[in-house]
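Chemist: Protein chains in written order, with the numbering used here: chain A, 819 to 934; chain B, 10 to 123.
Misleading hints may appear alongside valid ones.
[As the list claims (entries may be wrong)] Below, a list of computed lysine-lysine pairs in the DSS-like style, where the Cα atoms sit at most 30 Å apart: (1) B:Lys79 to B:Lys18; (2) B:Lys92 to B:Lys18; (3) A:Lys821 to A:Lys891; (4) A:Lys891 to B:Lys79; (5) B:Lys66 to B:Lys18; (6) B:Lys23 to B:Lys92; (7) B:Lys23 to A:Lys888; (8) B:Lys23 to A:Lys821; (9) A:Lys834 to A:Lys933.
[Unchecked claim] Which chain A residues stay away from chain B? Per the calculated CB distances, all over 12 Å, these: (10) Gln824; (11) Pro827; (12) Ser860; (13) Gly861; (14) Phe865; (15) Phe931.
[Unchecked claim] Okay, the calculated beta carbon distance ranges per label pair: (16) A:Ala915 to B:Glu78: 37 to 43 Å; (17) A:Asp844 to B:Leu123: 16 to 22 Å; (18) B:Gly12 to A:Ala889: 24 to 30 Å; (19) B:Asn62 to A:Glu833: 23 to 29 Å.
Read the hints as simulated data drawn from the structure, not as lab findings. From a predicted model like this one, the values you see are computed outputs, not experimental measurements. Glycine included, each C-beta is placed from N, C-alpha and C at the ideal position.
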Amino acid sequence: AQKITQTQPGMFVQEKEAVTLDCTYDTSDQSYGLFWYKQPSSGEMIFLIYQGSYDEQNATEGRYSLNFQKARKSANLVISASQLGDSAMYFCAMREAYTGGFKTIFGAGTRLFVKA
Amino acid sequence: DGGITQSPKYLFRKEGQNVTLSCEQNLNHDAMYWYRQDPGQGLRLIYYSQIVNDFQKGDIAEGYSVSREKKESFPLTVTSAQKNPTAFYLCASSTSGRDYNEQFFGPGTRLTVL
């Protein structure tokens, strides 16, 4: 079963507008962490934002915010005031307990295209 | 500067050859990871290590081997048993534990089998 589901293979947004990238997750753990990463065409993975399962406030980092709905098991990324440099792949990830420690599981990603 | 280095950036291998990808970090992180990424896909975990001299198989370990003799180093060997090794390989590290511990990634190695 998919642990992290990103249902939008590709998204288009007009420059300066906001966009929401969807992410749902599946876990039976009470304690876990949710992350979003950006991957430009160069291939590097850039950490954007983190949300802990016990955090009551939605995480924000500059133009990035995470819309965390625990009961729905969703952790959508909102990018405000999109810029051309935001065009990239975006991955949602979850950290949870596993045999021998903890590991992070990634979704399949959403490719975002920002139009001028 | 603290960070993770991977070498080489591009690697070409003939079928039937083993090849080793290097990953070094100077962030003093206990945990290290190897991921494989195929074009247009997400990251799949190959191996991970929480401490020195210990490592665990991830979701796609077949055809790969690792070692963790030093805290700073976590090399990945792609063996001839790996049937389709052409991919982008990413190494990452983090502090151990469940709480806030983002993974820091290296720049990746692009492996092509000729």
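Chemist: Next step is simple, just say for each hint if it's right about the structure.
Modeler: Hints versus structure:
no., hint, result
1, B:Lys79 to B:Lys18, "22 Å, holds"
2, B:Lys92 to B:Lys18, "21 Å, holds"
3, A:Lys821 to A:Lys891, "11 Å, holds"
4, A:Lys891 to B:Lys79, "38 Å, violated"
5, B:Lys66 to B:Lys18, "24 Å, holds"
6, B:Lys23 to B:Lys92, "12 Å, holds"
7, B:Lys23 to A:Lys888, "48 Å, violated"
8, B:Lys23 to A:Lys821, "35 Å, violated"
9, A:Lys834 to A:Lys933, "9 Å, holds"
10, Gln824, "8 Å, violated"
11, Pro827, "8 Å, violated"
12, Ser860, "8 Å, violated"
13, Gly861, "5 Å, violated"
14, Phe865, "5 Å, violated"
15, Phe931, "14 Å, holds"
16, A:Ala915 to B:Glu78: 37 to 43 Å, "26 Å, violated"
17, A:Asp844 to B:Leu123: 16 to 22 Å, "39 Å, violated"
18, B:Gly12 to A:Ala889: 24 to 30 Å, "38 Å, violated"
19, B:Asn62 to A:Glu833: 23 to 29 Å, "51 Å, violated"
Hints 4, 7, 8, 10, 11, 12, 13, 14, 16, 17, 18, 19 from the list above are not met by this structure, while the remaining hints are.
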